[in-house]
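Number of protein chains: 2
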Amino acid sequence: MSADNEQDAREQLIDLAAQFYDQFELGEIPHMSVPTRTKNNIEYDEESNVWVYGDRESTRSANSVRGARKLLKAVYTIDFLADQLDEDRSSTLRELYYLSESWDNEEAQFTSQDESNSLIEDLEIVSGVTREDFHMRPEESGATIMGPLYLREQTRRGEREIHCQEDVGEGGYQIPNNPDTIDFLDCDADFILAVETGGMRDRLVENGFDEEYNALVVHLKGQPARATRRITKRLHDELDLPVTVFTDGDPWSYRIYGSVAYGSIKSAHLSEYLATPEAQFIGIQPADIVEYELPTDPLSDSDKNALESELSDPRFQTDYWEEQIELQLEIEKKSEQQSLASRGLDFVTDTYLPERLDEMGVI
Amino acid sequence: MSADNEQDAREQLIDLAAQFYDQFELGEIPHMSVPTRTKNNIEYDEESNVWVYGDRESTRSANSVRGARKLLKAVYTIDFLADQLDEDRSSTLRELYYLSESWDNEEAQFTSQDESNSLIEDLEIVSGVTREDFHMRPEESGATIMGPLYLREQTRRGEREIHCQEDVGEGGYQIPNNPDTIDFLDCDADFILAVETGGMRDRLVENGFDEEYNALVVHLKGQPARATRRITKRLHDELDLPVTVFTDGDPWSYRIYGSVAYGSIKSAHLSEYLATPEAQFIGIQPADIVEYELPTDPLSDSDKNALESELSDPRFQTDYWEEQIELQLEIEKKSEQQSLASRGLDFVTDTYLPERLDEMGVI
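Protein chains in written order, with our numbering: chain E, 1 to 363; chain U, 1 to 363.
Don't read these hints as lab results, they were simulated from the structure. Each residue gets a CB set at the ideal place from its N, CA and C atoms; glycine is no exception. There may be inaccurate statements among the hints.
Said to hold, decoys possible - Across the chosen pairs, the derived CB separations fall in these ranges:
| hint | chain 1 | residue 1 | chain 2 | residue 2 | range |
| --- | --- | --- | --- | --- | --- |
| 1 | E | R89 | U | G222 | 42 to 48 Å |
| 2 | E | D104 | U | D190 | 47 to 53 Å |
| 3 | U | D297 | E | G208 | 45 to 51 Å |
| 4 | U | G158 | E | L185 | 18 to 24 Å |
| 5 | U | D237 | E | E107 | 51 to 57 Å |
| 6 | E | G158 | U | F184 | 23 to 29 Å |
| 7 | U | T36 | E | E355 | 55 to 61 Å |
| 8 | U | E272 | E | G158 | 39 to 45 Å |
| 9 | U | D190 | E | T59 | 40 to 46 Å |
| 10 | U | E57 | E | D190 | 52 to 58 Å |
| 11 | E | R89 | U | E101 | 51 to 57 Å |
Stated by the list, open to error - No farther apart than 30 Å at their CA atoms in a straight line, the calculated lysine-lysine pairs in the DSS-like style are these:
| hint | chain 1 | residue 1 | chain 2 | residue 2 |
| --- | --- | --- | --- | --- |
| 12 | E | K304 | E | K333 |
| 13 | E | K333 | U | K333 |
| 14 | U | K304 | U | K333 |
| 15 | U | K333 | E | K70 |
Just need the whole structure built from these sequences, with the hints factored in.
Structure below.
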């Protein structure tokens, strides 16, 4: 699968560069059209439940020095990426920026990392190939998985077959930068529980929640990396596993849920690749704060503003979220995942999660 | 080893509580003495090359309501920790704070997490037992290892034997929260290369640096977690491996090196457990910025202040560091690890690191 993607990605890139030749031959000024990446041109697609680009395009054209320089940089970058794929190598966004200093044409060198990052985003959108398939690695890798999943990872040192409970330490299986190098061989899991904090992830593993409930415990580590969202989506799509998201009970954590489920405005072109619209939110719900009398902190002004802005965010425009967010604005309190410990260290695994999973129809 | 530690830790805790009984019997007001944890009472020990506490002590005594409440909280916490060790369970600092809400005596409940964190530090210092041996887990776990090391991890699901190249994916072996659950079975490594950033860690692994140079590549992930520093120290002490630290070339990264090598003021009581004074700094050195004409950013005012304060930090009072820091203040520039990519993606593994390791006498 990986080799096919690479071949595809390489062809898409070469096609892009070939367009410029065609344009030259037709006597046209070379140009490239890219969807406008501003908030006005991003729409929430009701059908697929994710963010997508609208119809507006902007054109990079060689009819100005500035535009010509942009295309020159694009061509150099395409050349670098095509070579990288050919040699089965990879690099980070930051390396690409620094590497451009070694290019023979000074006009093609990037003046800031924002510029090279944004060009890679352009190329992702125009070619329909993801950064991972260009072999551009993120700076920081994904998080970990613990649960009854047996997988094969294609590494550059050969294949590794790993069971994510039996062949790993307590730290779990470390998700690689590009999870598309993974094949799922066997899975006894009934659902995925994606968890925001390391403290809670460790609690669930210590309490044997993954074993008792056949759960894949995926650590989100705060705002999840692309690799973590991608493998979550693949586990859902390929193995038909329900995805549940377990975070702190505050507006920033609801955004973590939102990015797993619906993607983000910043990466609207990747929604199809990264978002799992079927993902369900387990909690901490504002209703839980009331029901279980959890220890709380007061909402700050920025918490309140974030909640207000979620009320007008299309991703949160459901009866469920409106009710929960309005309740939270009313009680003016927030609670962390780990505050469930106020009812004992086993409450989360013996009572809270089983009850919520049952309510949600997951178990 | 782990079971012995637990037994020891439990006895130390019970001894602490028993002291209060002894004091009652002698007609003394119960009290506990703790080294004062202020900057004035922390000394750099020239002999062992780490930070240690001085002779000043402060006393928590039940001769005031405030003091009595502190001791009450200590006793409840000791009781909780002793039970936890007895049942072979563990918890996080945050869970302890929340859990205190379930204690029957309201006076014993913590009013803030700072209070419970600081009590655990007191108990670590007074008992001479580390937090890990109380089974208090950190919120976030350590980072990863890749290299020719075969180890056995005692997990609560049984033993796992893992080779940190052959049995792991590209993400490497995830260091558990308490690396003292690990036994080193076999090691073909010649040295440790501890690396600050994920981008560089991935570059080294992609280029096969661990294989070619028999290196254990330990990812520090910025300021390293206790677990990462602990396993680095154990690898050094038990397997006699030289430790080299590879970071960005700026004052904040020199502090990362400092915390691996000499510990920090905040955790002076743990220096013996966490610090590796023999660790050597590879770079990026200010001299490298000049020699290799690396891409740079200008020093900010806070960078300059941090460098100045390092000049007066006993950890950096060597000819080497004075020369490097003064050079950096002169050129007013800093460079990242990944800026080595300006000389090509293989420069770091083919040229830079081998030359530095040779200069340093490591290879």
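Here is what the structure says about each hint:
1. E:R89 x U:G222: 42 to 48 Å: For R89 of chain E and G222 of chain U the Cβ distance comes to about 26 Å; the hint is violated.
2. E:D104 x U:D190: 47 to 53 Å: violated, 38 Å
3. U:D297 x E:G208: 45 to 51 Å: holds, 48 Å
4. U:G158 x E:L185: 18 to 24 Å: Once the Cβ atoms are compared, 22 Å apart, the range 18 to 24 Å for L185 of chain E and G158 of chain U holds.
5. U:D237 x E:E107: 51 to 57 Å: holds, 54 Å
6. E:G158 x U:F184: 23 to 29 Å: At roughly 24 Å between Cβ atoms, F184 of chain U and G158 of chain E fall inside 23 to 29 Å, so the hint holds.
7. U:T36 x E:E355: 55 to 61 Å: violated, 48 Å
8. U:E272 x E:G158: 39 to 45 Å: Holds - the Cβ-Cβ distance for E272 of chain U and G158 of chain E, about 41 Å, lies within 39 to 45 Å.
9. U:D190 x E:T59: 40 to 46 Å: violated, 55 Å
10. U:E57 x E:D190: 52 to 58 Å: The hinted range 52 to 58 Å holds for E57 of chain U and D190 of chain E, with Cβ atoms some 56 Å apart.
11. E:R89 x U:E101: 51 to 57 Å: Taking Cβ atoms as reference, R89 of chain E and E101 of chain U lie about 54 Å apart, which means the hint holds.
12. E:K304 x E:K333: Given pair K304 of chain E, K333 of chain E holds - Cα atoms ~10 Å apart, limit 30 Å.
13. E:K333 x U:K333: Not satisfied, since the Cα-Cα distance of roughly 46 Å exceeds 30 Å.
14. U:K304 x U:K333: holds, 10 Å
15. U:K333 x E:K70: With a Cα-Cα distance of about 28 Å, the restraint between K333 of chain U and K70 of chain E holds, given a limit of 30 Å.
Comparing the model with each numbered hint stated earlier shows that hints 1, 2, 7, 9 and 13 do not hold.
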